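> Sequences and hints are given; from them, build the entire structure.
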Amino acid sequence: MSGRVLVGVKRVIDYAVKIRVKPDNTGVVTDGVKHSMNPFCEIAVEEAVKLKEKKLVKEVVAVSCGPQQSQETIRTALAMGADRGIHVEVSGNDYETLGPLQVSKIMAALAKKEDAQIIILGKQAIDDDCNQTGQMTAALLDWPQGTFASEVTLDGDKIKVVREIDGGLETIKINTPAVLTADLRLNTPRYATLPNIMKAKKKKIANVKPADLGVNLTSKLEVLRVEDPPQRQAGMKVETVEDLVGKLKELGKV
Amino acid sequence: MAALGPLSRITRLGCNFCRNHRLVFNRNSQKRGIASCIDPSYGLTDEQKEFQKVAFDFAANEMAPHMAEWDQKEVFPVETMRKAAQLGFGGIYTRPEVGGSGLSRLDTSIIFEALSTGCVSTTAYISIHNMCAWMIDTFGNDEQRERFCPDLCSMEKFASYCLTEPGSGSDAASLLTSAQRKGDHYVLNGSKAFISGGGDTDVYVVMCRTGGKGPKGISCLVVEKGTPGLSFGKKEKKVGWNCQPTRAVIFEDCSVPATNRLGEEGQGFNIAMKGLNGGRINIASCSLGAAHASVLLARDHLLVRKQFGKTLANNQFLQFKLAEMATKLVASRLLVREAATALQENRADAVSLCSMAKLFVTDECFNVCNQALQMHGGYGYLKDYAVQQFVRDIRVHQILEGTNEVMRMIISRNLLTES
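In the order they appear, the protein sequences are chains H and D. Reading the first sequence from the start, the letters are residues 1 to 254 in the UniProt record's numbering. Reading the second sequence from the start, the letters are residues 1 to 419 in the UniProt record's numbering.
Incorrect hints may appear among the rest.
As the list claims (entries may be wrong) - So these bits of chain D aren't anywhere near chain H, every CB distance computed over 12 Å: (1) PRO96; (2) ILE111; (3) PRO215; (4) VAL239; (5) PHE317; (6) PHE320; (7) VAL351.
Claimed, not checked - Calculated pairs, DSS-like style, for lysine-lysine (alpha carbon to alpha carbon, straight line, at most 27 Å): (8) D/LYS53 with H/LYS204; (9) D/LYS235 with D/LYS383; (10) H/LYS34 with D/LYS328; (11) D/LYS53 with H/LYS203; (12) D/LYS53 with H/LYS199; (13) D/LYS49 with H/LYS203.
What the hints assert, rightly or not - A few chain D residues that face chain H, going by a derived Cβ cut-off under 8 Å, partial list only: (14) LEU44; (15) PHE51; (16) PHE58; (17) GLU79; (18) GLN86; (19) LEU87; (20) SER101.
Quick caveat, the hints were computed from the structure, so don't treat them as lab data. Nothing here was measured: the structure is a model prediction, and the numbers come from that model. Beta carbons: idealized from backbone N, C-alpha and C, even for Gly.
Next up, the structure:
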C-alpha cells in the first residue's frame, strides 16, 4: 500500500467576485479577475492533510490541470500541507473546453502512475457546478466512490464515509483504493501559516503534459451561449387572503 | 459590503454556497472584484502574495465580522490575536530561533496592510506587540530573548511599549521616569501615559532614566505585570482604537531585576527610536489597509446609490474624487513599501524615508477615508456602516509613534544639518 493521496485542486474565479458575462455571451469575464482555489478543493486538501497528520496516509500530492497560473493554486495546497504538486499543463483552446470528462481521464491516469490509494476531490467546482469529476474518475478506474462526504474515517483497508444526501445522512463502507468528494461540512480548511508558506517554496511541483499520460482532451461539448439569469420581477401586494387565492387562480397556479 | 440596508446581497449564479459561515456576505466583506488599479498584490513576489492572501483571508473571516462589536464593546480580542499568532503574526520580523517568522519589513508591511482591512485597531496593537518582540530579540541578550520572545511570538503573553509620559510626548528624551540602581535591581518611579494595551498586557518595554539628562541618560527595562509597585490608571475613553485598552502605567518603587535591562545603560533611547522606525512603517501600513477598504466601500456605494435618476458613479465630480483617492492610496503604498525596503537593507535614507512614509501616508490615508465617508452621505455617519470606524481608527495614526510634526522635524533636520 503506497499510502498516497491524490488531491485535485481547481483554480476558479474567487467566490467573492461579482461575475460579469462577456458582451459576446460566449462566457464570463476572466481576464484580470481575481482567482483562487475552489472552496470545496480547499476542504479536500484539508482532509488529506488531516489524514497525513494522523499518520493514516504517507504522502499528499496536489494536482491541478490548467495554464501556468494553476501553479499558484498548487502552491496554496503545498502551503496547507501537501507534500508535492503535479501541474498538468492545459492551455489555450484545450483549457476552454476542459471539462469533468477530460479531468477525470487525467486523474485516472495519474492515479495509476502515482500508485495512489485515495483520490480526494471537491464535490463540485463553483464555476461550473458540474459535480461529475469525482464520479467519472471512480468509474474510469473502477474504484468505489464516497461522494458528498461529510465525514471520512479510515478503517484498515476500508473507508467509512458519511454522505450528505437529500434524505439526510448515509453511512457507507467502501474498499480502497477509492475516490472521495468533499462536501461543505467535512472540515474547516486551515489558514496557511507563514512558516508553511515559506516551506512550500521548497516543495516540488512536477510539470506533466496530458499527452504524456496518454489522455485525449477533445471535448464533445460545445458552449452555445452564456447569459445572466433573468432579472427578478416585482411581486404584487394583496390585501386579503381571498384576493391572494383569486390572483393565484388567475395565474393558473392553483 | 456597507451597501444600503435594503439592497439585496449579490449571490453567485446558481450556487447554494452561502451556508458556510466563512463565506456569508457581511456588511464588511470586501468585493474582491475585477483587478483594479489599487490591487495591493501588484509587484509582489509569489511568496509575498501568499502571505498577503492569508492575511486578507484572516482579516475577512476572523476580524471584519467583529470589527464593529469590538469597537462598541471595547473588547481586547485576545483569542483572535492568538489565532493570528498561530499563523505566525505574533513576531513577524522577529528571528525564528525564538519563535518569530523571520520575515522582512516589506513582508511585514504587506501583512499589516491586509490585516488592517479587517480591523485597524486590532492590527495596530498587533504591530505594537511585534515592535516590542523585535526590540527584545534585537537588543536583548540570549537569556532575555529566550525568556521573553517565544511567549510573545505565540501571544501567550502580550507586550506594551512605554515611552510617552504626561510631561514628555514629542520631547521624548526629556522623560522623567527614573530607574535607580540598587544592587542587582533598578527601582522605578514615575508614570507613562497613553500606553496601548496598558493593564491588560504582560510585558512592558519601558524607557526610563538611569543616568543624566537627555537621551544618553535613558535605558530600556522590561517590566513584567505583577511586579510589586506596578499599577495602572483608568482605562481611557477614546474616539477610536477601542479594541485596545489605553491606560497610564504607574511605577511606585517598582523593583526590576537588572537582568531585565535591554542593552547597556544609556542605550535605551536609541533602542526606542530604532523600534519606532519599524513601528512607523507598520502604522502607515495600517493606514493603507483602512484607506484601501474605504475606497472599496466608497466605490461600492457609488455604484449602488441613486440620486437624480442615476447612480452616483455617473457624477463626474465623484468619479474624479474617487480617482484622486485611488492615486493617493497607490502613491502612499509605494512610499511605505520603499521605506520598508530601505529599513530592511539598512540604507542611509532609511530613517528619513520611514518618517516621510509615516507623515505622508497617515495624512493622505486619513483624507481618503474621510472622503469615502463623505461619499456615503448621511449613511457614512452611522455606526452601522464601517467607513466611520476606519476614519475614527486611523485618525490617531497622525499623532502617535511620533506626531506628524515630529516627522517633519526629522526630515528637515536631515536636509538642513550641515553634513
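> Classify the label on D/VAL239 as holds or violated, using whether its beta-carbon is more than 12 Å from each beta-carbon of chain H.
holds, 31 Å
> Classify the hint on D/PHE51 as holds or violated, based on whether any CB of chain H lies nearer than 8 Å to its CB.
Nearest chain H Cβ about 6 Å off; hint holds.
> Between the alpha carbons of D/LYS53 and H/LYS203, is the straight-line distance 27 Å or under?
holds, 19 Å
> Beyond 12 Å on every Cβ pair: is that true for D/PHE320 relative to chain H?
holds, 23 Å
> Does the interface hint hold: is D/LEU87 within less than 8 Å of chain H, judged Cβ to Cβ?
holds, 5 Å
> Would the non-interface assignment of D/VAL351 survive a Cβ cutoff of 12 Å against chain H?
holds, 27 Å
> For the pair we were handed, D/LYS235 and D/LYS383, check the Cα-Cα distance against 27 Å.
Holds, because 22 Å separates the two Cα atoms, which is no more than 27 Å.
> For D/PRO215, is the shortest CB-to-CB distance to chain H above 12 Å, so the non-interface label stands?
holds, 35 Å
> Keeping to a limit of 27 Å between CA atoms, is the pair of D/LYS53 and H/LYS199 held or broken?
holds, 16 Å
> Given D/SER101 as an interface hint, is the shortest Cβ-Cβ distance to chain H below 8 Å?
holds, 4 Å
> Since D/PHE317 was said not to touch the interface, does its Cβ keep a gap of more than 12 Å from each Cβ of chain H?
holds, 25 Å
> Holds or violated: the hint that D/LEU44 contacts chain H, with Cβ atoms closer than 8 Å.
Cβ of D/LEU44 sits 12 Å from chain H, so the hint is violated.
Figure legend: structure checked against the earlier numbered hints; hints not met, in rising order: 1, 2, 14 and 17.
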